[in-house]
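For the record, the sequence lines run as chains A and B. Letter by letter, the first sequence follows residues 1 to 356 in our numbering. Letter by letter, the second sequence follows residues 1001 to 1313 in our numbering.
Honestly, the hints are just simulated from the structure, not real lab data. Note that CB positions come from ideal geometry on N, CA and C, so glycine has one too. Check before you lean on any hint, since a few could be wrong.
[Stated by the list, open to error] Sample of chain A residues facing chain B (criterion: CB under 8 Å; computed from the structure):
id, residue
1, L48
2, A65
3, D127
4, A139
5, L141
6, P143
7, D144
8, A147
9, Q154
10, A180
11, L190
12, P191
13, Y195
14, I240
15, L245
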Amino acid sequence: MTSEEAPAAREIAVVAFAQTDHRRSTEESSEVEMLMPVLHEVLAQTGLRAADIGFTCSGSSDYLAGRAFSFTLALDGVGAWPPISESHVEMDGAWALYEAWTKLLTGDADTALVYSYGKSSPGSVRDVLTRQLDPYYVAPLWPDSIALAALQAQALIDAGHTDEPALAAVGARSRADATANPHAQLKGQLPYGGYVVRPLRTGDCPPVGDGAAAVILAAGERARELCERPAWIRGIDHRIEAHALGVRDLTDSPSTRLAAKKAGAFERPVDTAELHAPFTAQEVILRRALRLGDDVRVNPSGGALAANPVMAAGLVRIGEAAARIHRGDSGRALAHATSGPCLQQNLVAVLEGDPR
Amino acid sequence: MPEVLQAPLVVEFPFTRSLGPVQSAFLTGLRERVVLGVKTGDGRTLVPPVEYDPVTAEEIRDLVEVAPAGTVTTWAWNHEPRRGQPLGTPFAWVLVRLDGADTALLHALDAPGPDAVRTGMRVRVRWAEERTGAITDIACFEPYDGEPGQPGRHTGEFEDPLTGIVAPARLDYTYSPGRAQTAYIQALSEQRTVGERCPSCRKVYVPPRGACPTCGVATAEQVEVGPRGTVTTFCIVNIKARNLDIEVPYVYAHIALDGADLALHARIGGIPYDQVRMGLRVEPVWTEGSRYPDHYRPTGEPDADYETYKELL
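Just chain A, same shape as in the assembly:
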């Protein structure tokens, strides 16, 4: 190959996925104690040892547990001696997976371990998330995460795209689907509950909980060696919108649509979509932005309404979509992750299994 020739893009796949049982509180465990079983499980699925991994990337946020540099302590669970190639994003693990994917594309590594975790139980996640807002104009008002999602839900109702019974149905369907998910935190029939911030009721909001997830990525033939039916990442892209809520059309998600287009999601239909929609109204917005018809199985895991470990819930969406392909339940799946208030940042990945 001469330097003028662009190398063919490597095929990269999710070959393993593991997650904790997501729970309201894991106070008996430190972050690394919560994370470590998941790391061991995902490695065991492939037979890899930590020393075999080419690149490690993680996602988490110190603000959740109120501990500075907590991700460096979590590295104890990886086995970082002798020295490893490692990176961290202060974001959901879905973005750590994006970084690992680019690393594998460069050819510098053939395998990557991606993990993320979040313990929301030590603090108040509604208050913690206010610290990601504009510090001049918005954060001093302390609008909590549910309040901002409620503004978005009301805008959606006013626009005629949904109503409160339809939102309740989204929550009920998610928790009903979650009964088949042994890791889910909220499952089965639950009371819809009163308003938290109107128009959002308890049933429209995600549970607060602790949890962790990990996936292993592998390139080309390595992926086929490690997994019977790899979930090939056909495309992945992430986009961001203006931070100021009053600038955006809260009833739409143009960043999701653009990320999906760049990831190739519209080239052929998908059969499954794992959407990171912590609030019921956000699923309505994402379905429209992604043009998902009723024939697409949305959030068979129960989604973020059944378990929303902050910083891991997006990576869990990619893992759940990949696991369905591994099992043969899906041929082509879309996975979505979000971050920031009212779907500010969005990542879309398209996964496919080999034809069978």
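Using the hints provided, position chain B relative to the given structure of chain A.
Frame of chain A; chain B shown alone:
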């Protein structure tokens, strides 16, 4: 297993933030009861104003005054106000497009109940009595059925513009150190030091964190170490820490407790600071009721041979 320890933890920080020209004009304007927006290249007026067009990324500086009255574009009823929020009584969160603006501002609306609020309703600014140049100079919005607001002609030039704000933040947590560190802390309260042995490499970690950082496996086997140990390396501290009642200079050292494969750190006392040395044998000194050793002092034993601790430096 004993109960895992818990303790309240408050993280509090006053961020001092400098303001750009547009933010400075907007927040100074609020102090003077003037609401300013900024014009984009294609003629839109953004309120609250920003320094760069969110669509084109073009730098924008053209300040214009907008009216202190406007229209609710979306809302949410907050029946349980939380700490720090604009009103202590139930209120509506609102995005308000002020007359003359093309974008909406987030704030609170004082209204008797959710039935009194709807998208499209007219509202106006209620100013805070004391204003300092902050978004909270708008106390909240209130319902308004008067004439459409007439913007003034303020250009954003002020005699005494703000250059910065202090943004305090406070988050409350319940800290829990997890299983391994709880066991360590509880042993300390009995004046014992326990580590954990890695089942794979057999090293004993002190303090234990529940995982061997080399092997990446869980540790569980408790091992009592010390109480005596060896200074592996040290430094001389010459600057007095605030709120710390220790005379300087003093010595802070890494100490390999007998039986441990990792050095922990502590202050050395009972010996002049300039006589502390690598290899010095030390033991903990506990004070009444304390949950950890106050400091370590020489045992009087001969110094340890370098070969016995060189792997622990």
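Here's how the hints hold up against the structure:
1. For A:L48, the suggested interface contact is broken, since its CB lies about 12 Å from the closest CB of chain B, more than 8 Å.
2. The interface hint given for A:A65 holds, since its Cβ lies 7 Å from the closest Cβ of chain B, which is under the 8 Å cut-off.
3. With a least beta-carbon distance of about 6 Å to chain B, the hint placing A:D127 at the interface is held under the 8 Å criterion.
4. Among the interface hints, the one on A:A139 holds; its C-beta lies about 7 Å from the nearest C-beta in chain B, closer than the 8 Å criterion.
5. Because the beta carbon of A:L141 sits about 6 Å from the nearest beta carbon in chain B, less than 8 Å, this interface hint is met.
6. At a threshold of 8 Å, the smallest CB-CB gap from A:P143 to chain B is about 6 Å, leaving the interface hint in force.
7. At a threshold of 8 Å, the smallest CB-CB gap from A:D144 to chain B is about 6 Å, leaving the interface hint in force.
8. Interface hint at A:A147: satisfied, since its Cβ lies 5 Å from the closest Cβ of chain B, which is below the 8 Å cut-off.
9. For the restraint placing A:Q154 at the interface with chain B, the shortest Cβ-Cβ distance is roughly 5 Å, inside the 8 Å limit, so the hint holds.
10. Taken as an interface hint, A:A180 does not check out: its beta carbon lies about 30 Å from the nearest beta carbon of chain B, beyond 8 Å.
11. Against a cut-off of 8 Å between C-beta atoms, the interface hint on A:L190 is violated, since the closest Cβ of chain B lies about 21 Å away.
12. Interface hint status for A:P191: violated, as the beta-carbon distance to the closest one in chain B is roughly 18 Å, over 8 Å.
13. Checking A:Y195 against chain B: minimum C-beta separation of about 7 Å stays under 8 Å; hint holds.
14. The interface hint given for A:I240 is violated, since its Cβ lies 11 Å from the closest Cβ of chain B, which is over the 8 Å cut-off.
15. Restraint check, A:L245 versus chain B: the minimum CB separation of about 6 Å is within 8 Å; hint holds.
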